[in-house]
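Letter by letter, the chains look like this.
Protein chains: 2
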Amino acid sequence: MAVAVDAMGGDRAPSAIVEGAVRATKEFGLKVILVGDESILKKELDRFSFPKELLRLYHAGQVVGMDESPSEALRKKPKSSIRVAFNLVRKGEASAVVSAGNSGATLACAMVTVGRICGVRPAIATVMPTLKNPVVLIDVGANVDCKPHHLLQFGIMGAAFSKEAIGNKRPRVGLLSIGEENTKGNQQVKKAFDLLSKSSLNFVGNVEGRDVFKGDVDVVVCDGFVGNVSLKLSEGLAESILLMLKKEIQQSSIITKIGYLLARSAFKRFRRLIDYSEYGGAPLLGIKGIGIICHGRSGPSAICNAVRVANTLVKADFVKHLESRMQQEVSLASVAL
Amino acid sequence: MAVAVDAMGGDRAPSAIVEGAVRATKEFGLKVILVGDESILKKELDRFSFPKELLRLYHAGQVVGMDESPSEALRKKPKSSIRVAFNLVRKGEASAVVSAGNSGATLACAMVTVGRICGVRPAIATVMPTLKNPVVLIDVGANVDCKPHHLLQFGIMGAAFSKEAIGNKRPRVGLLSIGEENTKGNQQVKKAFDLLSKSSLNFVGNVEGRDVFKGDVDVVVCDGFVGNVSLKLSEGLAESILLMLKKEIQQSSIITKIGYLLARSAFKRFRRLIDYSEYGGAPLLGIKGIGIICHGRSGPSAICNAVRVANTLVKADFVKHLESRMQQEVSLASVAL
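First to last, the sequence lines map onto chains A and B. So the first sequence is numbered by my numbering: it starts at 1 and just counts up by one. So the second sequence is numbered by my numbering: it starts at 1 and just counts up by one.
Treat the hints with caution; some may be incorrect.
Repeated chains share a single entry, so a pair holds when one copy, or any two copies, can fit it.
Simulated pairs of lysine-lysine, DSBU-like, Cα-Cα distance not exceeding 35 Å [as the list claims (entries may be wrong)]: (1) Lys184 with Lys42; (2) Lys132 with Lys214; (3) Lys246 with Lys288; (4) Lys320 with Lys268; (5) Lys52 with Lys169; (6) Lys247 with Lys169.
FYI, nobody ran anything at the bench for these hints, they're computed from the structure.
Produce the entire structure from the sequences given, and follow the hints as far as they go.
Here it is as structure tokens:
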């Protein structure tokens with residue numbers, strides 16, 4: 001079944017989104033439905049040659065702006081591209097949704113169309129580069145006020161994603177805190193530590209901010225406020241570090257500048273390595289469907305990667321897998337609730 | 001009056017601490033009291049020549065370990081170097097304390113010796129490099145569970161520090177959140193937004209993680225959990241980015257490697273720029289005295305800088321200044337309480 005791509009969402013929509021979708025058909029042979037204004041999308045598609053049987057258009061006359069309030073978008077734009085995309089999943093015409101648009105609206109549309117897995121707070125996970133394997137950070141913004149048992153749910157969902165999408169057989173799950181000992185953290189985190197310890201997850205204890213990028217843990221659990229701040233801080237710092245380095249080079253001697261020019265290929269690879277907008281997007285976990293939220297700045301390769309990840313999750317029957325995993329923890333969750 | 005330096009605290013104590021204190025006497029002509037085991041410190045001092053009238057030793061027979069519980073340290077080690085250092089301030093024999101030791105114990109010792117400014121939750125601030133001026137992040141770990149009015153207090157203290165230590169006449173204060181609009185954030189942050197808006201601070205609204213390093217705001221307010229995670233995440237990421245870059249270079253062609261060697265001076269400067277342990281330490285604000293908490297890994301230059309910052313705050317009569325500033329906001333705080 002095809003992946004529905006919200007062609008109108010994102011800073012570089014529709015052009016970069018269409019190009020990414022086209023790439024997914026060509027590079028991975030995946031089926032895609034481009035959702036958005038048909039006349040605009042037809043023109044965009046004219047730029048490319050691609051296997052016609054793998055890509056079709058589905059008209060949606062409205063677009064949710066990047067800064068629009070999710071609740072307003074729900075009320076006033078029933079025909080928005082993101083809403084229509086999730087409707088395709090609900091009707092069984094698409095298997096998953098990829099969107100680089102308004103992430104709050106994406107979450108809201110998912111909730112009212114496909115709904116959530118019983119008793120679960122849907123969360124947004126993101127994959128970050130580290131010195132070793134990539135790490136899954138969950139939640140990065142769907143839930144800004146959490147109870148401890150929500151953090152347990154995030155751990156379960158993050159581990160399931162790490163297993164199915166990244167291939168970690170028994171993902172190591174850590175809890176983001178301010179010290180390694182179980183006595184460290186705020187009230188919420190200390191209680192979540194207990195719940196995670198009692199779960200059947202491969203829980204490795206608290207993880208400090210400085211350890212996230214070492215790559216010794218596969219899933220890092222936190223509430224959506226802390227996660228969103230952490231994610232954006234990391235993006236901002238990575239960007240600023242590159243700018244500081246550039247400034248240092250510019251203020252240097254001619255020899256240093258020549259050196260930099262010679263070393264530039266390594267810098268370019270490095271830059272791509274730490275550029276989050278290059279990654280395949282953040283899965284929205286806990287809904288009864290597959291949704292991938294891409295960075296607003298996503299370019300074609302990010303969209304293409306997101307379609308690939310969505311397809312991987314569909315093939316792994318991720319939602320069913322997660323539902324049964326949640327069932328296994330139900331006794332614990334009921335204690336916590 | 002002299003600055004009391006806890007000579008026994010920190011990963012590189014006492015050697016690097018003694019060297020840093022000696023530098024402060026030589027480079028800035030500041031008076032220092034080195035607090036710790038007298039026989040050990042005497043030997044350390046033998047390595048240096050310095051103006052004898054500016055430096056004296058004060059014996060303290062106990063040391064608080066880096067991982068020791070602050071409450072146990074208080075109970076069992078009344079003669080620890082950090083406790084004795086704060087006692088010197090209480091007795092009026094020293095004007096400030098600098099320590100690279102156990103930060104929890106430093107906070108606890110400050111509370112039981114000099115005490116806190118009436119009604120205030122002491123907080124730890126830290127100075128981070130940005131693309132423009134350094135930014136003050138407060139709180140980075142003293143208060144993991146906060147009420148909204150504590151965040152207001154952090155804003156007042158951070159602004160006072162930014163003014164006196166960094167020289168910003170009317171510091172721009174931002175609130176760390178997940179979006180710029182006042183509707184973004186968790187419950188705590190949304191309420192703090194209201195309080196900060198009504199205060200007489202130069203409040204510029206919410207600041208996202210990605211904007212912290214741009215340098216367009218002078219003070220960033222957050223609770224101690226979020227702040228500590230943010231600080232350690234930044235440290236970890238900066239370190240990992242350097243390692244990733246190194247790896248890219250190592251895997252490169254010989255031309256690239258030569259280029260890197262030529263550009264290395266710029267890298268060294270850059271590395272120092274983003275190395276937090278080089279900075280002058282984190283002021284403990286809200287206590288009735290001056291305390292500077294240095295990074296555990298602090299070397300001589302960090303300690304020397306911290307002594308200089310402590311002296312600046314003493315000369316500016318920082319505590320009195322802060323007390324009267326808190327008084328001005330008292331009507332607001334009483335509403336909030």
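- May I ask which of the numbered hints given earlier this structure violates, with the numbers listed in increasing order? 1, 3, 4 and 5
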